[in-house]
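Peer 1: Below, each chain spelled out in residue letters.
Number of protein chains: 2
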Amino acid sequence: MIASPFGDVRMRGFTHRMEVARFQDLVRSHSAPLDSEIVPVVEGSDRILSESVVSLVDVPAFDRSAMDGYALRGEETFGAGVYNPLTFKVVGEVTPGQVFDGKVGAGAAVRIMTGAPIPEGCDAVLMAEYTREEDGVMTATEAVTPGRHVGRIGEDIRRGTPLFDPGRRIRPQDLGVLASIGWSELRVFRRPSVALLITGNELVKPGKSATGAMIVDSNSIMLRALVERDGGRLSELRHLSDDREAIREALLTVAGDLVITTGGSSVGIEDHAPSLIREEGQLLAHGVAMRPSAPTGLGRLADRLVFLLPGNPVSCLAAYDFFVGLAIRRLAGREEGWPYPCASYKLKGRIVSQIGRVDYARVKIEQGTAVLVATSGSSILSSTTVADGFVVVPQDSEGMPEGATVPVWLYDAPVGSP
Amino acid sequence: MIASPFGDVRMRGFTHRMEVARFQDLVRSHSAPLDSEIVPVVEGSDRILSESVVSLVDVPAFDRSAMDGYALRGEETFGAGVYNPLTFKVVGEVTPGQVFDGKVGAGAAVRIMTGAPIPEGCDAVLMAEYTREEDGVMTATEAVTPGRHVGRIGEDIRRGTPLFDPGRRIRPQDLGVLASIGWSELRVFRRPSVALLITGNELVKPGKSATGAMIVDSNSIMLRALVERDGGRLSELRHLSDDREAIREALLTVAGDLVITTGGSSVGIEDHAPSLIREEGQLLAHGVAMRPSAPTGLGRLADRLVFLLPGNPVSCLAAYDFFVGLAIRRLAGREEGWPYPCASYKLKGRIVSQIGRVDYARVKIEQGTAVLVATSGSSILSSTTVADGFVVVPQDSEGMPEGATVPVWLYDAPVGSP
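In the order they appear, the protein sequences are chains A and B. Those letters in the first sequence? Residues 2 to 419, by the numbering used here. Those letters in the second sequence? Residues 2 to 419, by the numbering used here.
Take the hints with a grain of salt, since some may be wrong.
If chains are identical, the list can't say which one is meant, so a pair holds when it fits in one copy or spans any two.
Keeping only pairs whose Cα atoms sit at most 16 Å apart, straight-line, the calculated EDC-like set for lysine to aspartate or glutamate is [claimed, not checked]:
#1 206 / 237
#2 365 / 413
#3 347 / 76
#4 206 / 250
#5 104 / 124
#6 349 / 389
#7 206 / 186
#8 365 / 237
#9 349 / 367
#10 209 / 38
#11 347 / 130
#12 349 / 136
Note that these hints are calculated values from the structure, not bench results.
Could you build the full structure based on these sequences and the hints that come with them?
Peer 2: Encoded structure:
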């Protein structure tokens with residue numbers, strides 16, 4: 002008998018576990034960026050541009066002063082110094098937003114403020130620091146060359162300049178540039194909507210206390226935050242008992258660009274999700290060569306991806322980070338890599354792994370070294386709050402020896418100042 | 002005549018510029034974390050805890066199965082193997098959320114699913130993979146030691162365990178842990194509310210196009226995104242003309258834990274903000290030894306900090322990052338350091354600076370080297386969108402030579418996967 006690679010594994014165990022890299026490729030091949038939407042520029046921070054931006058205007062649209070001081074003809078200041086002050090007749094003033102009325106002649110200067118248009122006839126600005134003014138006469142104690150402290154038309158952005166490419170993750174200053182060129186709206190990739198189906202008779206909803214044989218569902222609240230971190234948003238959250246028909250109905254009616262189920266993804270008799278996906282859609286993968294998270298599945302149903310995540314919270318977190326986040330970031334048009342920074346640390350103690358599977362080993366940084374977190378079962382969520390990050394032991398490795406320098410993916414972004 | 006260090010500098014120029022580090026210390030001395038507020042756990046992601054969290058319960062509150070399989074007495078499986086299968090009578094089943102009714106005797110096993118409570122009389126779980134069941138009889142082809150695959154009461158979190166300290170920035174998995182111990186609400190530091198007063202006769206509001214001598218205000222939209230990035234929120238945004246009394250009235254009536262003004266902070270005749278602060282409150286600093294951003298000021302008014310930022314957008318961005326962000330993160334109870342990652346790059350070309358001032362030099366990463374962005378005046382906001390990050394040239398440095406390895410603060414967080 003040839004076993005179907007993703008046949009019914011209930012109470013039999015996985016006959017096959019897919020390699021992590023292959024599982025990820027499968028995710029990639031089913032997750033292209035969604036369509037785009039238009040948002041006001043003011044809401045654009047951290048969104049992903051789906052179009053090119055080219056400026057249709059010059060910024061500024063006029064020559065302007067880069068300093069507070071006096072606009073004049075630079076040539077006329079030549080020779081000025083503390084021991085050779087030169088005087089100019091102050092014929093007026095121009096402040097930002099105004100245009101100086103008239104042409105400035107020889108021996109004259111116009112009081113000018115940063116950002117104001119350079120009056121006709123002037124070609125330089127002498128900084129206020131090198132002047133004094135009394136009774137309509139300005140005394141200059143420094144020379145300026147023509148063009149000095151004049152910001153030319155288009156100095157910031159020239160008309161026709163390509164500014165941003167599609168896929169740009171919008172920085173705060175990008176919004177400033179977009180506003181500068183007169184944009185009020187942006188076309189960005191739509192945020193994927195994600196439905197969460199949390200299964201398990203043993204679960205009480207977050208915010209309640211667990212009694213008897215019950216535990217609190219910790220996955221929904223964690224997954225929601227992860228989904229939002231990666232640019233998605235929650236479309237629906239349903240808590241379901243381990244009732245096959247209720248889960249089927251939820252899978253068929255839930256709204257979202259992507260569906261995540263938790264629990265019921267393994268080889269127990271109440272692990273309905275994989276066989277339901279096989280009945281109603283296509284089970285692309287079930288079982289992955291990774292610890293934790295082995296009982297992870299992937300399917301397609303009604304033209305969208307369905308991720309079957311283990312109910313154990315560490316497995317759920319790791320499977321999210323290896324597979325679901327990848328899909329959400331791709332749907333959102335983001336760079337697909339992890340949002341975790343990576344840094345190298347010397348390993349204290351060793352990490353033992355099995356050839357043939359990837360290990361997600363939580364570590365704590367202690368005195369500059371990475372130390373494996375001792376209690377690290379897939380049900381020990383607190384191992385991921387005690388840890389500072391994790392080491393990924395590759396599939397072809399038996400582990401890492403004491404003293405090895407290992408890359409650690411850090412849960413928290415580091416901060417620093419010069 | 003002894004000049005007051007922060008006297009009226011209009012049309013005179015700064016007589017004194019404060020060192021960046023001293024300015025930052027001044028900011029620190031006036032910005033302690035705000036009071037706290039209570040939020041639902043589900044909204045707690047990325048907030049900063051203001052209290053300690055100690056678990057009052059064991060998670061789980063019972064011994065549970067870590068696998069799908071059969072609960073039994075481990076001792077009774079000793080000797081089992083593929084060539085020596087042992088049989089057990091299946092006396093029932095227990096799934097998560099249920100409690101097995103009765104005590105399991107010798108030679109018996111209970112079908113058990115991951116997360117279900119271990120029935121009385123059993124001390125181990127044999128994985129489904131090593132069993133087969135037919136007509137109420139389970140055949141075991143592997144032995145398990147007592148205790149195997151049993152998650153003990155409190156294995157995740159033991160009652161009385163301190164879980165989080167104040168100041169913790171809450172991770173997605175932290176929310177899971179908090180839900181697990183039955184928390185529905187959290188005490189977190191309040192998000193600072195920030196008022197923006199944007200001054201300038203030359204400004205049109207973002208979303209409009211600029212004509213004549215006007216330009217679009219790019220600072221408000223950029224600052225809003227920066228404030229939100231750092232854990233603050235906008236309380237008010239007012240666009241004001243360069244009208245002294247209008248600005249005075251706004252400073253006195255605006256709502257917020259912190260106020261930012263842009264424009265009118267320098268030495269021009271319409272630079273009202275510093276003298277207004279001196280009249281109505283306390284001007285703590287005006288002028289900083291930094292390029293750009295020299296015309297930055299700091300004051301206190303009605304018991305809150307007022308930052309006077311230059312209107313030139315690069316100056317505004319740099320002054321925000323050096324001073325305002327520091328205050329907002331401190332008020333928010335966050336770590337005060339920059340949210341920018343830092344990486345070392347070899348410098349292509351050199352950076353020239355002046356001893357006595359800090360330089361904020363924008364660089365582009367090209368083929369693994371840092372290259373100074375050529376057009377980098379303080380009014381060229383596009384220099385910060387073309388750049389990948391910036392180099393901070395310290396006050397005591399004349400610059401950095403070609404080929405030097407320099408730390409670059411990156412505007413975008415890098416992404417990666419193993």
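Peer 1: State for each hint whether it applies.
Peer 2: Structure-based check of each hint:
Taking CA atoms no more than 16 Å apart as the test, residue 206 paired with residue 237 passes inside one copy only; the shortest distance there is 15 Å, against 37 Å between copies. When the C-alpha separation of residue 365 and residue 413 is checked against a cutoff of 16 Å, the pair qualifies only within one copy, where the shortest distance is 12 Å, while the shortest distance between copies is 26 Å. With identical chains, the CA atoms of residue 347 and residue 76 are never at most 16 Å apart, being 64 Å at best within one copy and 41 Å at best between copies. Taking CA atoms no more than 16 Å apart as the test, residue 206 paired with residue 250 passes in neither setting, with 20 Å inside one copy and 50 Å between copies.
Only within a single protomer do residue 104 and residue 124 lie at most 16 Å apart by alpha-carbon distance; the minimum there is 12 Å, versus 98 Å between protomers. In this assembly of identical chains, residue 349 and residue 389 lie within 16 Å of each other by CA distance solely inside one copy; the values are 14 Å within and 35 Å between copies. Within a single copy, residue 206 and residue 186 get their C-alpha atoms only as close as 40 Å, which misses the 16 Å cut-off; across copies the closest is 14 Å, which meets it. In the homo-oligomer, the alpha carbons of residue 365 and residue 237 never lie at most 16 Å apart, since the shortest distance is 35 Å inside one protomer and 42 Å across protomers.
In this assembly of identical chains, residue 349 and residue 367 lie within 16 Å of each other by CA distance solely inside one copy; the values are 9 Å within and 36 Å between copies. Neither within a single protomer nor between protomers do residue 209 and residue 38 lie at most 16 Å apart by alpha-carbon distance, with minima of 38 Å and 21 Å respectively. Taking CA atoms no more than 16 Å apart as the test, residue 347 paired with residue 130 passes in neither setting, with 55 Å inside one copy and 37 Å between copies. For a Cα distance limit of 16 Å, the shortest separation of residue 349 from residue 136 qualifies neither inside one copy, at 77 Å, nor across copies, at 51 Å.
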